[in-house]
Amino acid sequence: MSQSARIKIAKRIAQELSDGEIVNLGVGIPTLIPDYLGDKKVYLQSENGLLGMGPTPEPQQVNMDLISASKKPITMEIGASLFDSSDSFVMIRGGHIDVAVLGILQVDEFGEIANWSVPGKDVLGVGGAMDLVAGAKKIILASTHQAKDGSPKLVKKLTYPTSGGKKANMLVTEHAVFTFSNKGVELVEILSDISLEELQKITGANFTISQELIRN
Amino acid sequence: MSQSARIKIAKRIAQELSDGEIVNLGVGIPTLIPDYLGDKKVYLQSENGLLGMGPTPEPQQVNMDLISASKKPITMEIGASLFDSSDSFVMIRGGHIDVAVLGILQVDEFGEIANWSVPGKDVLGVGGAMDLVAGAKKIILASTHQAKDGSPKLVKKLTYPTSGGKKANMLVTEHAVFTFSNKGVELVEILSDISLEELQKITGANFTISQELIRN
Amino acid sequence: MKKFIQSSDILKLIKDGDTLLVGGFGLSGTPLTLIDEIASSSLKNLTVVSNNLGEPGKGLGKLLLSGCLKKAVGSYFTTNRDAIKAWKEGHLEIELIPQGTLAEAIRCGGAGIGGFYTKTALGTKIGEGKEVKEIDGEKYILEKAIKGDVSLIKAMKADTLGNLVYEYTARNFNPVMATASKIVIAEVDEIVEAGTLSPYEIVTPHVYVDYVVASHYVKVGGVYVESISPD
Amino acid sequence: MKKFIQSSDILKLIKDGDTLLVGGFGLSGTPLTLIDEIASSSLKNLTVVSNNLGEPGKGLGKLLLSGCLKKAVGSYFTTNRDAIKAWKEGHLEIELIPQGTLAEAIRCGGAGIGGFYTKTALGTKIGEGKEVKEIDGEKYILEKAIKGDVSLIKAMKADTLGNLVYEYTARNFNPVMATASKIVIAEVDEIVEAGTLSPYEIVTPHVYVDYVVASHYVKVGGVYVESISPD
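Protein chains in written order, with this note's numbering: chain S, 37 to 252; chain B, 37 to 252; chain Y, 2 to 232; chain Z, 2 to 232.
Check before you lean on any hint, since a few could be wrong.
Straight-line Cα separation of at most 25 Å, DSS-like style, residue types lysine-lysine; simulated pairs [what the hints assert, rightly or not]:
hint: 1; chain 1: Z; residue 1: Lys183; chain 2: Z; residue 2: Lys13
hint: 2; chain 1: Z; residue 1: Lys13; chain 2: Y; residue 2: Lys134
hint: 3; chain 1: Y; residue 1: Lys86; chain 2: B; residue 2: Lys202
hint: 4; chain 1: S; residue 1: Lys193; chain 2: Z; residue 2: Lys183
Reference excerpt, derived from the structure (chain Y facing chain Z, CB under 7 Å, subset only) [to be verified]:
hint: 5; residue: Trp88
hint: 6; residue: Gly116
hint: 7; residue: Phe117
hint: 8; residue: Thr119
hint: 9; residue: Glu132
hint: 10; residue: Val133
hint: 11; residue: Gly138
hint: 12; residue: Tyr141
hint: 13; residue: Lys145
hint: 14; residue: Tyr218
hint: 15; residue: Val221
Don't read these hints as lab results, they were simulated from the structure. All of these numbers come straight from a predicted model, not from anything done at the bench. The beta-carbon is built from N, C-alpha and C at its ideal position, and this holds for glycine as well.
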């Protein structure tokens with residue numbers, strides 16, 4: 037996906053975050069979000085043991101013992117705190133993270149997520165994905181609308197292994213914003229010049245269309 | 037019991053402790069032990085959140101937020117560390133305390149302890165007693181030989197509620213030292229001028245006598 | 002953003018029948034100002050989870066005398082004769098839990114853990130009726146997590162974000178209680194600018210703290226005495 | 002009394018078939034010197050519990066290449082292609098555990114807790130075959146405690162008693178691993194006099210640490226590089 041599409045997704049999710057929220061950002065697109073928060077002050081939690089993650093340091097200040105969960109060098113913001121992995125997951129699994137922004141492999145029409153394992157592929161990693169799914173108060177998914185092979189990410193039924201029963205609240209792709217509820221998935225916003233028909237064609241699930249649909 | 041008898045018990049238990057050991061002292065007689073350690077360096081753990089408890093402070097240095105589990109003002113030794121109650125009980129229950137010295141109501145001939153509740157009396161406290169019993173590597177009991185009413189503390193079978201299945205290793209009274217094993221209780225040392233017959237009379241369990249019985 | 006509020010404001014956050022997790026070991030690390038507010042309120046049927054129930058007429062002992070309490074959950078009530086009396090007279094329910102199990106159960110409450118298996122109290126009166134399970138050849142009992150509606154904790158300092166540090170052994174149950182209630186209110190001696198506390202020294206990260214109240218007590222001769230009468 | 006030993010001495014403390022808990026998140030907080038010793042030893046059939054398996058040829062990646070490993074338990078192996086390859090070829094068993102469950106299970110191992118109930122991985126492939134229990138209306142799966150024979154951890158400083166402090170996010174799994182093995186060996190950058198570290202800043206109290214080894218690595222440009230070749 038083009039960097040501009042990735043930035044579009046990051047920007048749109050940045051709008052969803054509120055002042056004062058505790059946010060955990062997954063790898064990939066989510067890591068772009070801090071650049072688009074403007075005046076909003078959110079507190080970034082990194083599951084390897086930090087609350088108050090700041091921007092990338094200057095090259096001469098890099099210390100590979102101050103890193104993000106993506107293993108990239110970071111800094112600490114004012115008021116940051118350090119803790120061990122068990123305390124970090126008390127924070128994550130105990131419901132203390134306001135928003136987790138996660139990448140996905142698939143999401144079904146009720147918001148159930150698959151984001152750790154591809155059947156038949158050698159993905160031997162789960163990391164904190166299932167912990168974040170189980171524990172975050174709100175889950176926003178950041179993803180391209182389609183996988184590299186053109187298959188839809190939003191599907192009727194997961195064909196990839198689930199990350200757990202807890203449901204996502206929102207999906208943001210380069211084309212659209214969807215929200216999930218017990219009733220299913222709803223299109224609330226179109227972010228590109230795609231037609232509704234075309235959007236339906238490249239989406240694997242039936243979605244309802246919000247009466248207040250926004251077209252940017 | 038006279039203070040001299042209490043001191044005798046504390047002194048004898050002090051001999052059992054080794055350099056470098058991590059020790060938790062219960063209320064009562066055990067709190068006298070630090071005065072009789074001589075050159076030995078043991079590290080005292082206090083279950084309210086301190087490793088490295090030092091002696092009572094001078095009156096003008098008392099801070100009631102630096103207290104022992106008996107809620108008495110204390111100091112910190114060099115190398116002391118502070119932690120919260122959950123971490124303190126990781127230390128206690130995880131088998132990291134070398135020796136717990138505990139008071140008792142009763143102990144049976146296999147070393148099973150009753151030290152928290154008197155039937156028919158309003159003792160509504162257990163504190164860390166059961167945690168220490170379950171978790172300490174070695175348990176030494178400090179007790180008068182008889183209760184105030186003259187009944188024996190070392191008994192064939194507990195009539196008071198048990199503190200858990202884990203067994204004590206040793207009992208020190210003003211009269212004698214006993215050790216416990218799967219085979220039962222053995223008298224290893226006589227600390228007063230009591231006769232064997234008299235000792236047997238005031239003891240509620242049958243004990244074997246060590247072939248290396250020490251008489252002080 | 003943490004809300005810095007007056008002590009009397011906490012009464013809007015607590016309702017009849019609530020379960021309160023209250024920090025402290027004896028009187029050390031106890032939110033005395035917050036307790037005073039509740040003791041002088043008309044709140045009823047509260048359950049208090051705390052290691053002790055203060056001392057007669059002091060700390061949580063005041064809540065008992067003011068008639069707010071229905072139940073006390075903790076490890077050691079023996080030193081408060083008022084609690085024993087109220088229990089004997091049927092005015093107070095008491096649930097006795099070993100101190101380590103209490104701390105761990107509250108930690109689990111804050112950690113999204115439903116319960117845990119411990120050897121403490123196995124085979125005892127306190128363990129009666131609890132599920133016994135053998136894991137890798139060793140027997141344990143199941144203890145369930147403890148959660149509260151409101152936690153009332155006491156710290157030495159808060160920074161302006163709500164990060165907390167504790168004095169010496171006044172830390173005790175406060176950090177775990179900070180994680181385990183829907184609403185967490187911290188009484189503090191001092192409020193300092195964010196950035197004053199080093200990332201290494203912060204014990205309770207601000208994420209856990211909803212409200213901060215300045216204490217009405219000051220320490221004189223190592224003991225807290227009331228300095229400002231609650232309005 | 003903690004024993005300050007040479008890195009090569011650790012080989013006397015580890016035996017074939019042991020389970021090693023090894024600190025670190027990626028390469029940060031990883032005991033590189035201790036790993037080097039094991040990689041150049043003839044130890045066999047080791048199980049390593051660690052969040053990752055280092056990187057190809059780095060950190061725990063060396064242990065894999067040296068043929069010491071039978072099994073790896075952790076949360077994320079994807080970034081070490083050697084591990085994936087060894088697993089595909091049947092040379093390495095892998096047990097995948099969510100990161101939070103891994104941290105909590107090790108903490109339980111050190112805390113005398115047999116197991117705990119978590120929602121993480123409920124209903125997933127990783128949760129398959131694990132006991133499901135409903136507690137207070139919510140479903141959880143049982144995860145068992147993890148313990149090791151030997152923990153290899155990395156700290157920034159030890160004092161002469163063995164108290165440890167960690168650098169920034171290099172803390173990660175090290176403090177819980179310090180509690181959960183029969184033998185705990187800490188590799189440190191610096192050894193300072195007892196009393197130098199404040200009681201407030203000590204993260205791992207000395208009770209948990211059996212042996213301390215001075216690191217053969219130094220930090221240059223924010224990255225550890227080898228300074229002394231192991232003898």
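Comparing the hints with the structure gives:
| no. | hint | result |
| --- | --- | --- |
| 1 | Z/Lys183 - Z/Lys13 | 14 Å, holds |
| 2 | Z/Lys13 - Y/Lys134 | 36 Å, violated |
| 3 | Y/Lys86 - B/Lys202 | 33 Å, violated |
| 4 | S/Lys193 - Z/Lys183 | 47 Å, violated |
| 5 | Trp88 | 26 Å, violated |
| 6 | Gly116 | 5 Å, holds |
| 7 | Phe117 | 4 Å, holds |
| 8 | Thr119 | 6 Å, holds |
| 9 | Glu132 | 9 Å, violated |
| 10 | Val133 | 11 Å, violated |
| 11 | Gly138 | 10 Å, violated |
| 12 | Tyr141 | 4 Å, holds |
| 13 | Lys145 | 6 Å, holds |
| 14 | Tyr218 | 22 Å, violated |
| 15 | Val221 | 23 Å, violated |
Hints 2, 3, 4, 5, 9, 10, 11, 14 and 15 from the earlier list are contradicted by this structure; the remaining hints agree with it.
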